[in-house]
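Asker: First to last, the protein sequences are chains A and B. Here the numbering used here is used: position 188 in the first sequence is 188, and no number is missing along the way. Here the numbering used here is used: position 355 in the second sequence is 355, and no number is missing along the way.
Calculated from the structure, these hints are not laboratory results. Some hints here could point you the wrong way.
Per label pair, the in silico range of CB-to-CB distance [what the hints assert, rightly or not]:
#1 A:P222 - B:D215: 49 to 55 Å
#2 A:E220 - B:M222: 48 to 54 Å
#3 B:R417 - A:G175: 54 to 60 Å
#4 A:I252 - B:L39: 45 to 51 Å
#5 B:R217 - A:E162: 24 to 30 Å
#6 A:G175 - B:E188: 20 to 26 Å
#7 B:A129 - A:P222: 28 to 34 Å
#8 B:D215 - A:R95: 52 to 58 Å
#9 A:R170 - B:R192: 41 to 47 Å
#10 A:I252 - B:Q345: 32 to 38 Å
Note that the structure is a prediction, hence the values are computed from the model and not measured. Virtual Cβ for every residue (Gly too), placed ideally from N, Cα, C.
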Amino acid sequence: MTKPLEASKWHEKMYQAYVEQYWLAEENERTDCGIILVRIERSWGETMQAIRAIVEPEDGVAVREFAEADRHRAAFLLFGASWNRSHYTALRIKRLLAKMADGAYSILLAGAAEQAERNPQFFEALSDLFEQAPLDPNLILFHELYQSNETQSVLLVDSDEEVRRYLQLRLQMKGYRVLAAGDGKAGLDLFRQEHPDMVITDLNLSGIDGFHFLIRMHREDPDAKSKIVVFTDNREEDTISRCFKLGVADYITRPFSPVELEARIERLL
Amino acid sequence: MLRDWLYGYGMAATFYVAAVTLIYFCILFFSYRGIYGMLKGETYARFRSLSGSSYVPPVSLLVPAFNEELTIIDNVKSLLTLNYHTYEVIVVNDGSKDRTVEKLIEAFQLTPLESETVTYEIDCTEIKAIYHNPAYPRLYVIDKENGGKADSLNAGINFSHYPLICSIDADSLLEKDALIRMARVYMEDPGRIVAVGGNVRIANGCRIEDGVVKDVRLPRKMWPMFQTLEYLKAFLGGRIGWSHINGLIIVSGAFGMFRKEEVVKVGGYRDGYPGEDMNIIIKLHRYMLENKLPYKIAYSPDAVCWTQAPDTYRILSSQRKRWGRGNLKNMLENWDMIFRPKYKQFGMLTMPYNVIFETLNPYVKITGLLALIGYVAMDMTQWRVLLIYAIINFLTGYLMAVGSLVLEEIGFRRYPRMRDLFKMMGFSVLMFLGYYQLGVLWRLQGHIEFLRKNNTWGVMTRQSWNEDSATKSSA
Numbered sequence: 001m002t003k004p005l006e007a008s009k010w011h012e013k014m015y016q017a018y019v020e021q022y023w024l025a026e027e028n029e030r031t032d033c034g035i036i037l038v039r040i041e042r043s044w045g046e047t048m049q050a051i052r053a054i055v056e057p058e059d060g061v062a063v064r065e066f067a068e069a070d071r072h073r074a075a076f077l078l079f080g081a082s083w084n085r086s087h088y089t090a091l092r093i094k095r096l097l098a099k100m101a102d103g104a105y106s107i108l109l110a111g112a113a114e115q116a117e118r119n120p121q122f123f124e125a126l127s128d129l130f131e132q133a134p135l136d137p138n139l140i141l142f143h144e145l146y147q148s149n150e151t152q153s154v155l156l157v158d159s160d161e162e163v164r165r166y167l168q169l170r171l172q173m174k175g176y177r178v179l180a181a182g183d184g185k186a187g188l189d190l191f192r193q194e195h196p197d198m199v200i201t202d203l204n205l206s207g208i209d210g211f212h213f214l215i216r217m218h219r220e221d222p223d224a225k226s227k228i229v230v231f232t233d234n235r236e237e238d239t240i241s242r243c244f245k246l247g248v249a250d251y252i253t254r255p256f257s258p259v260e261l262e263a264r265i266e267r268l269l
Numbered sequence: 001m002l003r004d005w006l007y008g009y010g011m012a013a014t015f016y017v018a019a020v021t022l023i024y025f026c027i028l029f030f031s032y033r034g035i036y037g038m039l040k041g042e043t044y045a046r047f048r049s050l051s052g053s054s055y056v057p058p059v060s061l062l063v064p065a066f067n068e069e070l071t072i073i074d075n076v077k078s079l080l081t082l083n084y085h086t087y088e089v090i091v092v093n094d095g096s097k098d099r100t101v102e103k104l105i106e107a108f109q110l111t112p113l114e115s116e117t118v119t120y121e122i123d124c125t126e127i128k129a130i131y132h133n134p135a136y137p138r139l140y141v142i143d144k145e146n147g148g149k150a151d152s153l154n155a156g157i158n159f160s161h162y163p164l165i166c167s168i169d170a171d172s173l174l175e176k177d178a179l180i181r182m183a184r185v186y187m188e189d190p191g192r193i194v195a196v197g198g199n200v201r202i203a204n205g206c207r208i209e210d211g212v213v214k215d216v217r218l219p220r221k222m223w224p225m226f227q228t229l230e231y232l233k234a235f236l237g238g239r240i241g242w243s244h245i246n247g248l249i250i251v252s253g254a255f256g257m258f259r260k261e262e263v264v265k266v267g268g269y270r271d272g273y274p275g276e277d278m279n280i281i282i283k284l285h286r287y288m289l290e291n292k293l294p295y296k297i298a299y300s301p302d303a304v305c306w307t308q309a310p311d312t313y314r315i316l317s318s319q320r321k322r323w324g325r326g327n328l329k330n331m332l333e334n335w336d337m338i339f340r341p342k343y344k345q346f347g348m349l350t351m352p353y354n355v356i357f358e359t360l361n362p363y364v365k366i367t368g369l370l371a372l373i374g375y376v377a378m379d380m381t382q383w384r385v386l387l388i389y390a391i392i393n394f395l396t397g398y399l400m401a402v403g404s405l406v407l408e409e410i411g412f413r414r415y416p417r418m419r420d421l422f423k424m425m426g427f428s429v430l431m432f433l434g435y436y437q438l439g440v441l442w443r444l445q446g447h448i449e450f451l452r453k454n455n456t457w458g459v460m461t462r463q464s465w466n467e468d469s470a471t472k473s474s475a
């Protein structure tokens with residue numbers, strides 16, 4: 001019953017709409033875009049009416065709808081809606097569906113990925129994934145599925161936003177999943193939640209003293225499952241030897257060469 | 001007869017005021033030169049990179065704490081995250097009557113450190129115990145019997161491991177870059193600099209999160225607002241200039257860095273009396289000059305320490321009386337340095353200036369007031385003359401105040417909002433209507449306390465940083 005041509009059209013339409021909106025907007029107005037996909041097996045028409053009432057355009061949010069009645073599925077692109085707002089809308093729709101569709105539905109929430117305007121595959125992956133999704137009363141979060149594949153994760157802890165953004169971009173292009181934290185506390189929380197494959201941290205953090213941060217990670221992960229790379233201004237020999245005693249895998253000082261940094265990361269992972 | 005006498009006094013007073021104004025303006029001028037030097041140096045300094053360089057000497061931070069249970073944890077946490085490669089934080093508990101030590105032990109899971117013995121290079125009360133936790137390698141807590149602030153600093157010096165020491169008040173917060181900026185000044189001339197002072201700013205009204213000043217605002221209350229302006233004037237308009245001619249007489253106890261060697265040689269801090277921060281500097285000047293050693297006492301206006309200012313009349317007056325007492329005591333003890341060519345600019349300029357225009361200031365003001373009554377009573381004056389005097393006095397004073405505000409604006413711009421600038425200008429006028437006069441009164445009261453042999457530290461209460469910002473944001 002599947003018609004691949006049609007299916008591809010659905011995501012192509014989404015991609016097209018996204019690109020149009022992207023290029024129409026002024027550079028500084030390009031904002032987030034929330035994407036909500038729903039599949040409704042029962043009472044399609046009525047339910048869609050009710051959903052439309054929920055996602056009605058509000059100030060600052062433009063909505064595009066792509067419904068395919070024959071396949072009981074619809075996509076809503078919420079331009080200008082922050083992640084929180086899209087999430088809230090999705091949850092409201094889910095509640096509505098739980099009432100009206102009696103369990104025979106699935107709903108997925110995604111946010112447009114970085115540079116989605118250059119990446120038609122993003123929408124393809126999205127619709128493919130949704131295609132495979134079973135009827136499930138819970139809200140499916142796309143990014144959790146999308147990222148849970150084999151990519152290795154790197155936690156970046158650095159108080160300098162420029163450095164953080166730059167490295168994040170470079171490492172993402174290399175295919176790593178990058179988590180970033182601006183201070184020691186957030187870094188430690190992320191470390192506990194995500195158990196990243198690698199931690200790249202400065203010693204000069206706010207919130208927690210850098211050594212203490214290393215010691216805490218060392219205690220919680222004595223077998224060094226997460227490789228730790230210290231990336232800092234501190235060129236003091238005592239400090240360096242102390243760090244290696246704390247189970248650090250590598251020590252890179254600034255000013256740094258991004259190529260060298262990447263090579264060292266690759267060697268460790 | 002009385003008329004002649006009054007006339008003579010009037011002339012003398014006029015010269016006195018003219019002299020003090022002239023000196024103020026010279027100092028302000030030097031401050032401008034100093035700040036331009038600083039700005040230039042700053043442009044080429046890479047503090048981030050410098051903070052990791054092994055050429056920067058390690059520093060021991062000394063934090064004397066007496067009844068600081070409300071703020072000590074936040075402050076220590078903030079001190080542990082400075083941007084500096086090697087330093088240690090030594091909290092010296094001065095026999096607090098509250099739970100200062102217990103709180104520290106709880107928060108950082110400290111255990112007694114047996115392995116280390118302290119050599120008593122300077123006299124201080126015996127150290128009861130030293131606490132440490134290897135998970136916080138930079139932190140040490142010294143517990144000892146009550147012996148005063150100076151005694152605590154001495155104990156900290158005895159224990160410290162590094163060649164530079166830095167005294168910090170337990171109620172103050174350092175900016176992340178403060179230490180490295182101070183060290184940069186030290187490294188410009190490490191052979192000669194024996195002490196570097198920091199810039200103390202008032203944190204009342206600012207939003208503070210996790211021991212970091214997040215949002216700089218002017219205080220809402222009147223007393224801290226006056227003090228903010230006073231500090232700006234003293235630190236920017238005054239100390240930069242004095243340091244320019246190597247005539248600094250005080251490095252604020254709240255934030256100052258010293259070479260340990262020299263501090264030990266002059267016998268450490270003096271005990272049992274307030275004014276220990278001025279005293280150590282005078283002793284350093286004396287020691288270096290008497291031994292004909294080249295030296296410099298520098299000032300680093302970009303190394304910022306935020307402190308809580310007293311916000312009630314009672315506590316403020318107590319603090320100022322204490323300063324008055326300390327100043328008088330220091331001047332009396334070092335009387336011999338005044339106008340002695342041997343002590344160079346310190347003996348010829350700084351000390352006389354401090355005695356004549358600071359210590360004796362209240363007496364001049366009061367006799368001036370009496371003389372004014374005399375002039376009016378004996379019909380020796382016209383209201384026009386009085387008015388002109390008053391206007392000239394106000395204008396020069398206001399020019400000074402504005403001069404330091406301009407310094408702030410070109411050098412730092414910590415208060416970026418236009419509204420704040422107008423508020424500061426407005427309050428600079430209001431200071432002439434009561435605050436300066438109160439300052440004179442407090443100083444005089446301090447002198448009276450000194451004569452009565454009142455040796456105490458006076459009242460000083462603390463507010464928690466969090467509470468402070470919470471009440472401020474809800475207000």
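Asker: If you check each hint against the structure, which ones fail?
Answerer: Checked against the structure, the hints that fail are numbers 1, 3, 4, 6, 8, 10, while the rest are satisfied.
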